[in-house]
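As you go down the protein sequences, you meet chains A and B in turn. Using our numbering, the letters of the first sequence map in sequence onto residues 1 to 247. Using our numbering, the letters of the second sequence map in sequence onto residues 1 to 305.
Since the hints were derived computationally from the structure, they do not count as laboratory data. Glycine included, C-beta positions come from ideal geometry on N, C-alpha and C. Take the hints with a grain of salt, since some may be wrong.
Claimed, not checked - Covered, in the sense of this in silico footprint (three residues per stretch, anywhere, with C-beta under 8 Å from a C-beta of chain A), are these stretches of chain B:
no., region
1, 14-27
2, 57-66
3, 271-284
As the list claims (entries may be wrong) - From the structure, some residues in chain A lie toward chain B, with a derived Cβ separation under 7 Å:
no., residue
4, 69
5, 167
6, 217
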Amino acid sequence: MKSIQTYKILQNEPLTQNVYKMILEGDTSWVTNPGQFINITIDTEYLKRPISLCDYDDSTLTIIYKVVGAGTSWMAKQEVGKEIEVLVGLGNGFTPQQSKHALLVGGGVGVPPLYRLCKDLIEKGVEVEVVLGFNTKSECFYENEFKLLGASVTVCTVDGSYGTKGFVSEVIQGDLKNYPYYSCGPLPMLKAVFDASNTQGQLSFEERMGCGFGACMGCSCKTLTGYKRICVEGPVMKSEEILWTKD
Amino acid sequence: MDKRLSVTLSGWKLDNPVIPASGTFGFGYEFAQFYDINELGSIATKGTTKEARFGNPTPRIAECDRGMINAVGLQNPGIDEVIQTEFKKLKEVYHKKVVANISGFALEEYVECAKKMDKEDIVGILEINISCPNVKHGGMSFGTDPKIAAEITKAVKAVTTKPVYIKLSPNVTDIVEIAKAVEEAGADGICMINTLLGARFDLKTGKPIIANIMGGFSGPAIKPIALRMVYQVYKAVRIPIIGIGGIATAEDVIEMMIAGATAIQVGAENCRNPYACKEIIDNLPILMDKLGIEKLEDIIGRAHQ
Numbered sequence: 001m002k003s004i005q006t007y008k009i010l011q012n013e014p015l016t017q018n019v020y021k022m023i024l025e026g027d028t029s030w031v032t033n034p035g036q037f038i039n040i041t042i043d044t045e046y047l048k049r050p051i052s053l054c055d056y057d058d059s060t061l062t063i064i065y066k067v068v069g070a071g072t073s074w075m076a077k078q079e080v081g082k083e084i085e086v087l088v089g090l091g092n093g094f095t096p097q098q099s100k101h102a103l104l105v106g107g108g109v110g111v112p113p114l115y116r117l118c119k120d121l122i123e124k125g126v127e128v129e130v131v132l133g134f135n136t137k138s139e140c141f142y143e144n145e146f147k148l149l150g151a152s153v154t155v156c157t158v159d160g161s162y163g164t165k166g167f168v169s170e171v172i173q174g175d176l177k178n179y180p181y182y183s184c185g186p187l188p189m190l191k192a193v194f195d196a197s198n199t200q201g202q203l204s205f206e207e208r209m210g211c212g213f214g215a216c217m218g219c220s221c222k223t224l225t226g227y228k229r230i231c232v233e234g235p236v237m238k239s240e241e242i243l244w245t246k247d
Numbered sequence: 001m002d003k004r005l006s007v008t009l010s011g012w013k014l015d016n017p018v019i020p021a022s023g024t025f026g027f028g029y030e031f032a033q034f035y036d037i038n039e040l041g042s043i044a045t046k047g048t049t050k051e052a053r054f055g056n057p058t059p060r061i062a063e064c065d066r067g068m069i070n071a072v073g074l075q076n077p078g079i080d081e082v083i084q085t086e087f088k089k090l091k092e093v094y095h096k097k098v099v100a101n102i103s104g105f106a107l108e109e110y111v112e113c114a115k116k117m118d119k120e121d122i123v124g125i126l127e128i129n130i131s132c133p134n135v136k137h138g139g140m141s142f143g144t145d146p147k148i149a150a151e152i153t154k155a156v157k158a159v160t161t162k163p164v165y166i167k168l169s170p171n172v173t174d175i176v177e178i179a180k181a182v183e184e185a186g187a188d189g190i191c192m193i194n195t196l197l198g199a200r201f202d203l204k205t206g207k208p209i210i211a212n213i214m215g216g217f218s219g220p221a222i223k224p225i226a227l228r229m230v231y232q233v234y235k236a237v238r239i240p241i242i243g244i245g246g247i248a249t250a251e252d253v254i255e256m257m258i259a260g261a262t263a264i265q266v267g268a269e270n271c272r273n274p275y276a277c278k279e280i281i282d283n284l285p286i287l288m289d290k291l292g293i294e295k296l297e298d299i300i301g302r303a304h305q
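Only chain A is shown next, with the shape it has when bound in the complex (with noise of 0.2 Å):
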């Protein structure tokens, strides 16, 4: 159920130079799948800021954005104790399905969608392989936050700096190719992952939104199955839907 909730920052810190971790406190009766989404009221810009559920409890949801303009950069600002109006029950998320193995791949802020999936995912009895990317070691974050969880943990970084040297779409190789994938990230990434794959995914898309919630057909996009809403039909598209040429 969409609606304008309040929300009381609980924690605001840096996980990287300039990828935060927030967590909020309210209602969080209206999440149903992991890769949902949030679209929180900035005080000093026009629009709201979309970002994805990290992960949620009764009481909490864990968000993680990378500071890259004024919307997210006033968000890193926020002092614990401060209340901040946010619209939810945004997008459909990912559907966890029952499977012996479940592949996961994340880019950048593209990882922290997983996260819960994963969570999920594992409970069901799923064994999970995760293979997180980033452009260098010192962008690199939640690596054992997903082992913790249980899950087998590849990192790639651009630079070869930290782990595997290259891209996340060169890991998947051999059993993994066969696996069932989830995938968010930038679009280059997420066609390499498709391209990669022997078999059916669901991949999570960005796009610049105005409303978030389906009234302006601002963040349209074509599919296999018809035009589509990135913040109502989407984020997650299923891979055997998606139309990788924009015209």
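Keeping the supplied structure of chain A fixed, place chain B upon it in accordance with the hints.
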């Protein structure tokens, strides 16, 4: 419902003057999950064309100071689908009439859409969009030429008994000239203003933020322009004006009506706050009491007295 808020457009009595603007409210039902949309004066439905349209590539949205640029490009499922599916879904949660926005790329297209909308009971007013800045042919180019604007008005009037309101573009040298032309051609009212043509560029890449490069700028930043234009047009025509442009608060509604609007539309604000129209309607009576306004209708065009 507060009777003091009621206004009349071409014989149609609205409970209040607050109408969400076309393109910012979908076909209405998306908002029913936030509040009872029957509280609205009416709803201006998404711009509808003869054929289904995907619209422009993304990114379609760019944030600005006190506003946003959109270049959606009239995405809609086409008039038949709008009538069969979208209006049907809307009717399940909404029991008033709508302001049906139609757009086209040729005169015949407007006529065909108007004919189909004419048969629909849910349509209270036909809003003719001759001012969409986001399509290459037709759209705004019709609304920047008084002769073509008049031709479209006449052609649509000839095929419908519904009140015909023409939605004007601010991207012209003299909006009064266009307003007069459509009035003379038989328009029952004017909706103004559509968005202003704008652009934003990325500092790092040097590339436009909007894939279509340009788009329509709207939001509180454009309010003074809308107020000025509504004021000028009110002076020059006798038909009612639906004032649009940067309205976000009850104060904005009063100001727009003082300038000359009989009703108003709320656009960009719906995108940043889904409760915007409801909050405005709730706040209007409180503000009227403060200002000593007995009935909203009393203040229409007060700036001209």
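Now for the hints, and whether the structure bears them out:
no.	hint	verdict
1	14-27	holds (count 4)
2	57-66	holds (count 10)
3	271-284	holds (count 5)
4	69	9 Å, violated
5	167	21 Å, violated
6	217	5 Å, holds
Going down the numbered hints, you'll see the structure goes against 4, 5, while the others check out.
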